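**Student:** Here are the chains, one letter per residue:
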Amino acid sequence: MLRFVLRRLLLAIPVLFGIIFVVFALARLIPGDPCRAQLGERATAAVCNDFIHRFGLDQPIPVQFGIYVGQLAHGDLGTSLKFGRPVTDLIIERLPVTVELTLVALLFATVLGILLGVVSASRRNSAVDVVTMFGANIGVSIPVFVLGLVLAWFFAVVLRGTPFALPPSGRLSSGISEIPLTEVWGLTGMQGPLRVLADFVSHMTIFNALLTGQWGPLGDALRHMILPAVALGTIPLAIIARMTRSSLLDVMGLDYIRTARAKGLTERLVVLRHGLRNALLPVVTIIGLQLGGLLSGAVLTETIFNLSGVGRTVTEAITGRDYVVIQGLTIVIAVGYLLINLIVDVSYAYLDPRIRLS
Amino acid sequence: MTSVANTAAAPARDPGALVDVQNLKIHFPILTGVFQTEAGRVRAVDDISFEIRKGETLGLVGESGCGKTTTGRALIRLRNPTAGKVFFDGRDLMSLSRGELRRMRRRMQIIFQDPYGSLNPRMTVGSIVSEPLETHHLSSGHRMDRVRELLALVGLNPNYTNRYPHEFSGGQRQRIGIARALAVEPEFIVCDEPISALDVSIQAQVLNLLVELREQFGLTYLFIAHDLSVVRHISDRVGVMYLGKLVELGPPTAIYESPGHPYTRALLSAVPIPDPKAERKRRRVILTGDVPSPVNPPSGCRFHTRCWLYERLGRPENCRTEDPPLRQIGDDHRAACHYAEDALKSDVGVAHLEDRVRRGTPAAVAARHEAAAQAAVPHEQGAGVAGTGE
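Protein chains in written order, with my numbering: chain C, 1 to 358; chain A, 1 to 390.
Relax, there's no trap hidden among the hints.
Derived, one-sided and incomplete: chain A residues facing chain C with beta-carbon distance under 7 Å:
| # | residue |
| --- | --- |
| 1 | Leu-78 |
| 2 | Arg-105 |
| 3 | Ile-110 |
| 4 | Gly-117 |
| 5 | Leu-119 |
| 6 | Asn-120 |
| 7 | Pro-132 |
| 8 | His-166 |
What the hints contain is simulated information worked out from the structure, not anything from laboratory work. A quick note: this is a predicted structure, and the numbers were derived from the prediction, not measured. Backbone N, C-alpha and C fix where the C-beta goes; we use that ideal spot for every residue, glycine too.
Could you put the whole structure together from the sequences, leaning on the hints where they help?
**Tutor:** Printed below as a string of structure tokens:
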């Protein structure tokens with residue numbers, strides 16, 4: 001098991017290197033000039049030369065690449081052209097927002113998706129099944145930005161003033177703020193990787209409130225998360241529900257299900273213990289794949305719901321030709337994706353004892 | 001329904017019967033189109049009646065697709081019949097509620113044909129075998145001891161409880177299936193082709209195990225198979241099915257030596273006899289054409305489209321129009337043929353050495369029996385059923 005994980009991590013290195021190369025090359029291929037994008041159309045040539053020299057953009061591109069890789073080896077993702085701040089700081093500040101959004105959306109999609117899938121499969125061709133699968137078809141077909149805008153309009157505009165109204169933007173209502181856990185726990189003086197982790201978690205509004213027991217802000221943070229999470233989670237929800245249904249129907253036709261019935265088990269146990277546990281394997285694969293989709297969906301969702309996460313930052317970086325930020329964030333997302341796939345692979349072994357990790 | 005209902009076959013209730021099947025019908029609708037309208041129905045089992053006596057092993061043979069397995073499953077209500085009744089120890093299984101049926105499953109079990117598909121790949125052997133104990137609240141407290149005991153009983157290493165099914169061979173898996181079936185101490189076990197998926201060398205072992213367990217626990221078996229010699233080896237009575245009908249039922253000596261249904265004789269013809277002398281002299285009929293579709297079974301006797309006796313008798317009309325009931329043709333011997341007496345007199349399919357002796361005389365019958373017995377011995381060994389030991 002440990003050897004498997006280590007080998008997979010080693011194999012990830014060339015993949016990562018490829019990603020760095022491609023991202024670096026693609027960022028340079030975006031037409032336009034980072035200086036004018038940052039400093040405005042009317043920046044003088046002298047100012048621009050200075051700007052370009054300051055960020056090392058006057059070097060030949062292969063040399064720039066070499067310098068960049070050298071920095072990366074030291075854990076330095078570079079300094080943003082736009083903000084003048086280290087990209088790592090930006091990541092610690094903005095990635096948590098995206099991670100939180102993705103986790104909540106995925107939780108919503110997985111729990112509800114599996115539930116709906118099981119209900120539809122066990123009541124095959126019933127009204128519940130037909131309605132669920134019809135809904136799933138619609139869910140798959142709605143683009144995130146349409147659903148996001150419709151949800152925002154309905155819950156924030158139509159239902160305004162009712163108890164069902166939900167806030168359509170930001171992480172917290174104005175006037176409400178959270179004390180970061182670093183302060184609550186008195187970690188302000190701490191340095192090093194643990195501090196980075198603490199800062200990272202403290203930027204996840206829901207987790208921060210949960211860990212420090214700030215119940216008022218927690219409720220507010222959760223209410224702010226509902227609309228973006230539903231908008232982002234609907235497509236994966238529909239896919240997971242359909243996948244669970246078809247996979248479970250497949251499994252329920254297998255011989256060992258008949259064996260389970262012959263043993264005299266209740267139908268509930270037959271479905272949950274013998275059916276669902278075996279049907280979950282393809283569902284887990286789909287969930288892993290959906291995570292990639294969630295990250296790209298997060299770009300749109302964050303823009304619609306005004307959340308300053310990674311998605312929005314990348315979009316801004318692309319329009320601003322902020323090469324360093326584009327590269328840094330893409331690499332972080334790629335690493336996350338590789339890790340998620342590793343987790344999915346490891347979970348196979350748990351779900352199916354026939355799969356040996358070696 | 002165009003065929004005449006087989007009501008005459010409903011037997012007088014046999015007091016010794018553990019399982020009593022009455023006019024069992026299992027039809028599968030063929031649904032087509034958006035609205036799932038019924039386009040026809042597969043008559044997998046069409047009006048059969050028989051009984052299984054306490055402590056006996058009833059063998060059930062027939063070609064693939066004749067309804068053997070479907071019948072076996074309906075007997076323990078793993079499949080709901082379209083019509084008809086199944087009584088288990090006097091209780092109508094169809095009238096049981098879900099809870100009552102689950103409790104009844106303690107008394108009737110099944111061993112499946114496919115030892116690969118019938119075990120949940122995600123569960124350890126220990127949990128597969130102990131799950132029925134848990135469901136029926138048996139041996140609480142020392143369940144794992146009981147599991148080890150069961151594994152030892154079927155000849156597996158009792159320490160294998162933490163292994164998964166994929167770590168075992170086909171024969172071992174079938175033993176796990178047998179241990180699972182025995183866990184609840186049932187009275188009746190449907191053995192649904194329990195050895196046909198196994199290696200020939202393993203078949204004998206598993207078969208002997210089933211025989212031993214039968215003696216040890218006084219089990220009643222319905223033994224479904226398509227291997228005629230295996231069925232003969234293990235059964236007290238044998239039933240022959242053709243296209244959803246039970247065509248003949250009787251003790252093995254009657255079925256194998258003087259079959260009263262032309263189909264049974266045709267089946268026996270298909271079994272080679274590893275004695276060139278007997279084989280050369282034997283009269284065989286080879287069935288031509290496919291089994292007719294159970295969606296549109298032939299009218300009258302379902303076998304008449306392929307029946308050699310029908311041809312020989314000049315195509316009598318009642319074969320085409322009248323469904324022959326399963327009727328008594330000898331001591332505990334029933335067959336569903338209008339001309340069973342003619343079939344009995346024929347020598348088709350049955351092995352014998354003295355072909356020249358005039359038929360019908362006691363000497364001829366005795367000679368035939370002797371010849372059949374002689375022919376049957378090497379025959380059984382050929383199929384790998386004569387016990388080779390564990």
